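Residue numbers (this note's numbering), protein chains in the order written: chain A, 1 to 134; chain B, 1001 to 1270; chain C, 2001 to 2529.
To be clear, the hints were calculated from the coordinates, so they are not data collected in a lab.
Do not take every clue at face value.
DSS-like mimics (lysine-lysine), calculated; alpha carbons at most 25 Å apart, straight line [claimed, not checked]:
{"hint": "1", "chain 1": "C", "residue 1": "LYS2080", "chain 2": "C", "residue 2": "LYS2133"}
{"hint": "2", "chain 1": "C", "residue 1": "LYS2231", "chain 2": "C", "residue 2": "LYS2221"}
{"hint": "3", "chain 1": "C", "residue 1": "LYS2221", "chain 2": "C", "residue 2": "LYS2209"}
{"hint": "4", "chain 1": "C", "residue 1": "LYS2221", "chain 2": "A", "residue 2": "LYS88"}
{"hint": "5", "chain 1": "C", "residue 1": "LYS2133", "chain 2": "C", "residue 2": "LYS2154"}
{"hint": "6", "chain 1": "A", "residue 1": "LYS88", "chain 2": "C", "residue 2": "LYS2231"}
{"hint": "7", "chain 1": "C", "residue 1": "LYS2133", "chain 2": "C", "residue 2": "LYS2038"}
{"hint": "8", "chain 1": "B", "residue 1": "LYS1070", "chain 2": "B", "residue 2": "LYS1005"}
{"hint": "9", "chain 1": "B", "residue 1": "LYS1024", "chain 2": "C", "residue 2": "LYS2310"}
{"hint": "10", "chain 1": "C", "residue 1": "LYS2169", "chain 2": "C", "residue 2": "LYS2133"}
{"hint": "11", "chain 1": "A", "residue 1": "LYS88", "chain 2": "C", "residue 2": "LYS2263"}
{"hint": "12", "chain 1": "B", "residue 1": "LYS1024", "chain 2": "B", "residue 2": "LYS1064"}
{"hint": "13", "chain 1": "C", "residue 1": "LYS2154", "chain 2": "C", "residue 2": "LYS2080"}
{"hint": "14", "chain 1": "C", "residue 1": "LYS2310", "chain 2": "B", "residue 2": "LYS1064"}
{"hint": "15", "chain 1": "C", "residue 1": "LYS2154", "chain 2": "C", "residue 2": "LYS2169"}
Computed from a prediction, not measured in an experiment: that's the story for all the values here.
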Amino acid sequence: MYRLVPSVCSYCGAGCGVLFEVLDNHLLSTLPLKTHPVNEGRLCIKGWSLHEYVESDMRLTGPYLRLNGRLHQVTWERALSFAAQRLKEIVARYGPDSVGVLASAKISNEENYLLQKFARAVVGTNNVDHCARL
Amino acid sequence: MAELKDLVRQWLDSGRVDLFLGYKEVAGHPLPYAFSPDNLEEVEELVVSPARYSLEKLAASILKERPQLKIGLLARDCTRRAVQVLTIYNQVEPGQVELLDLSCCPSRPQVSCSALSPPQVGEVKRALGIDNRLTPEQFEAIPAAERFGRWLYEFQKCIKCYGCRDICPVCFCRECSLEHGELVEPRDLPPEVPMFHWVRAVHMAGRCIDCGLCEEACPVDIPLRLLYRQTNRIVRELFGYDTGLTLAQPPFSVLGVGPAEPREAAGGGK
Amino acid sequence: MTNSIAELEDAGCIFVIGSNTTAAHPLVARRILRAKEKGAVLLVADPRRIQLSLYADVAVQHRLGSDVALLNGLMHVILKNGWEARDYIAERTEGFEELAALLMDYPPERVAAITGVAPEDLARLAELYATRKPAAIVYTMGITQHTTGVDNVKAICNLAMLTGNVGFKSAGVNPLRGQNNVQGACDMGALPNVFPGYQAVNVPENHAKFSQAWGRPLPDKPGLTILEMVKAMEEGRLKALYVVGENPKLSDPDMNHLRHAMKNLELLIVQELFLSETAQGAEVVFAAASTAEKDGTFTNTERRCLRFCKAIEPLGDSLPDWEIICRLATAMGYPMSYSHPEEIFAEITRLTPSYAGMSYARLGLSGLQWPCPTPEHPGTQFLHRDRFTRGRGRFHAVPYIDPAELPDAEYPYFLTTGRMFAHYHTGTMTRVSPHLDREQPTGYVEINPEDARRLGIAEGETVAVASPRGRMEAPARLCRTVRPGTLFLPIHFGENPTNVLTSAEAMDPLAKIPEFKVSKARLEKVEWS
Ligand code: SF4
Ligand code: SF4
Ligand code: SF4
Ligand code: SF4
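Construct the entire structure; sequences and hints are all you get.
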């Protein structure tokens, strides 16, 4: 029920080691990992506040679909099958290079890997980039 | 160590405590860990960490959510002093925490403690700033005019991480003065010099238990422990009060000019 | 980074250029300050007066966009005094003659005229950098977000190689990545021209290897970069866009332009933590889980692959990004089924030579720095130890070119953009964080008090900043961080979007990185009627 879980700060490229203080599936605080090679038990203000955005009221808690011009919360099945269907139609009609994929410097290595694999193997385009240029 | 583990198992098994905060190693890193009656077998993995985390602060944060719990702590001497202060300020109730002593302080150096490895201080810092190893007496031997310049050198490095407050076992105010615009102007870096540091130093008088965690957490090596020792020395000289060694109310709150009002519910510094 | 973060502490000289390190990479700044306190010399070149300047042996505020001139000027002085590393140049580099010839054109007086840096300061910078080895250069967006971004980086590499400062402990060229996993996104092939591990898509062996591994014939022509995608949207060639974890409406250099281009899309899918400006315009929004709600790895700026662990369950009905991608791929008829990110990581290591020796077990909590080619390999602390990866290090003679825009009569100010210490990127995460929001709840524009006095602008007063592309309002912050004639805007605030002002047209021709760091602008008092 009470645990300290090792993680990595996601607010800059330094990659400081942190511990999330977790009580019954909620985050209480962020602490620096004392023995981490990068930060050795220190953090900046962003690192110390890392847990605060996670359970924000502003977070999306489910998928949305635009229906009659407005976004409505729907099931995953519905959102996914709509997206898949539309992507397939567009690829069939205009070719795979009519699709672009923007990966992210905020998601994990595994997810970036899957996303470029998705662009290349599933859609069939090399139109994949991330926002680091920006 | 075997004795220690036996005691922890006994405490948990007998219900003397519901949780025991110690350390367990994960991939070579000692991490704070909550042992409970549900995982008694894990007590075998309990280690004494050379890296210090403020277990008492973790305990206070759990108790804020679960006041009915009783928590055991693997305690260094500084843990004991911090718990005294937390009790005075009503952050923990007497009896909510039980300490299992490690006896680590310099007079008994058999147990490793990160506070015992002196910080490395570069030559430029010694020349222009402040050597983190100085005692208040040694520092006060430096001419007063020069002392202020040295503090300025140190304070201007501050990156306003609030780590000194966030890690401090005795900083727990829900509304922290350091974030009050009227006291410390909220702009860019460095934070308002020397206001930011003065505000905190004043609050630590009669409260700081000299554990050194703040200085360990300071990304820019400001000699915070010296700063607060100096303030505490004034308290000791004026009032004969030793922070963390007694349950008596600190003189500042006796005088009614306490830096932060004690509250009933613990807030955690952040 | 060619070096490691901790290594910086042992440098003899650290040259920080175009990086406000204490605000953007505070825990790297820690190492820089420690190096300084141990006796290293600290050199700072930044158009703004930053916190590190207070501790610098020499700090110069060169004119925005004049980096190449400054760097060429430094090298001119170094050659003139014979401070170059002759043996190193002979053994490990090529192209020196061309560079030396070009540098003849950058005498200190000319450099002073372009950069505003006095010849004495230039001479001190050059001497200290060249003679206090090992010397490390640290830079960030202040160098890359220019029309001459690639030239700037080449000039930095020239300087390092000229003095024999690449390929040793604490000596090297160290770009600090702005966002936490930029390094990982690049390593994983989230780029239009390369597969994971920088294996070019148009090299037949790579193409064959990945086509086989993924069981599909793959496209072999490099794809579009992000800014080319915007153009393709405008021209109606790009019909669908799948955006994951980004808010390009706020990070795109020219927001008006992008808003317009996105209207042409038939399908916009956004996968995000929040209903960002971009997500608000999407047809489908996938709710993603945060880092705290999943397992995985990030690769930091020193090439260290680091493990993070799931702390809590995904919020509500959100899902980890990897799971959403798998489900979408499967729904499109390409089954992807992984039970845990560790399985994906194992696939990555099979296909990516620089990660081949890694596994979750080996990463532990300290991580491993690539290249790490075998399970026994300890990882690589610094790059180019005995030779450059490409054989000999090549000097590139790069002449100075003016930024795309310089102030003129109508727009008399230099405008630059950047980060402030309490916020991150487009602010989607930091602005919902109470402690960070309290530090800085709104955007602002930094104005030198002299300029403010002339225009009668008071601290906190709302002012308007206009460029040829747009206009925005923000409270004035009077400070001497910026020089007279220069304005600074932080990038984090959606209601004060800097990218209505910056240009999407002005970008580096090779890296396609937009010039965020220099625009011309006008400052106006806002009159209330
Ligand atoms: S704690 Fe600060 S320096 Fe460390 S990774 Fe996070 S944002 Fe970067
Ligand atoms: S004592 Fe309270 S108000 Fe003072 S610095 Fe600590 S948390 Fe802030
Ligand atoms: S030494 Fe620092 S961390 Fe410890 S009690 Fe004093 S102020 Fe707090
Ligand atoms: S820990 Fe150090 S840098 Fe951080 S706020 Fe405190 S004094 Fe400043």
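Evaluation of the provided hints:
1. C/LYS2080 with C/LYS2133: holds, 19 Å
2. C/LYS2231 with C/LYS2221: This hinted pair holds, its Cα atoms lying about 18 Å apart.
3. C/LYS2221 with C/LYS2209: Between C/LYS2221 and C/LYS2209 the Cα gap is close to 15 Å, so the pair holds against 25 Å.
4. C/LYS2221 with A/LYS88: Distance of about 21 Å is within 25 Å: holds.
5. C/LYS2133 with C/LYS2154: Within the cut-off at roughly 20 Å; holds.
6. A/LYS88 with C/LYS2231: Given that 25 Å is the threshold and the Cα spacing comes to 23 Å, the pair holds.
7. C/LYS2133 with C/LYS2038: holds, 14 Å
8. B/LYS1070 with B/LYS1005: Given that 25 Å is the threshold and the Cα spacing comes to 18 Å, the pair holds.
9. B/LYS1024 with C/LYS2310: holds, 18 Å
10. C/LYS2169 with C/LYS2133: Status holds; Cα separation ~10 Å.
11. A/LYS88 with C/LYS2263: Since the Cα atoms of A/LYS88 and C/LYS2263 sit roughly 20 Å apart, the hinted pair holds (cutoff 25 Å).
12. B/LYS1024 with B/LYS1064: holds, 24 Å
13. C/LYS2154 with C/LYS2080: holds, 21 Å
14. C/LYS2310 with B/LYS1064: The given pair, whose Cα atoms are some 24 Å apart, holds under the 25 Å limit.
15. C/LYS2154 with C/LYS2169: The hint holds at about 21 Å.
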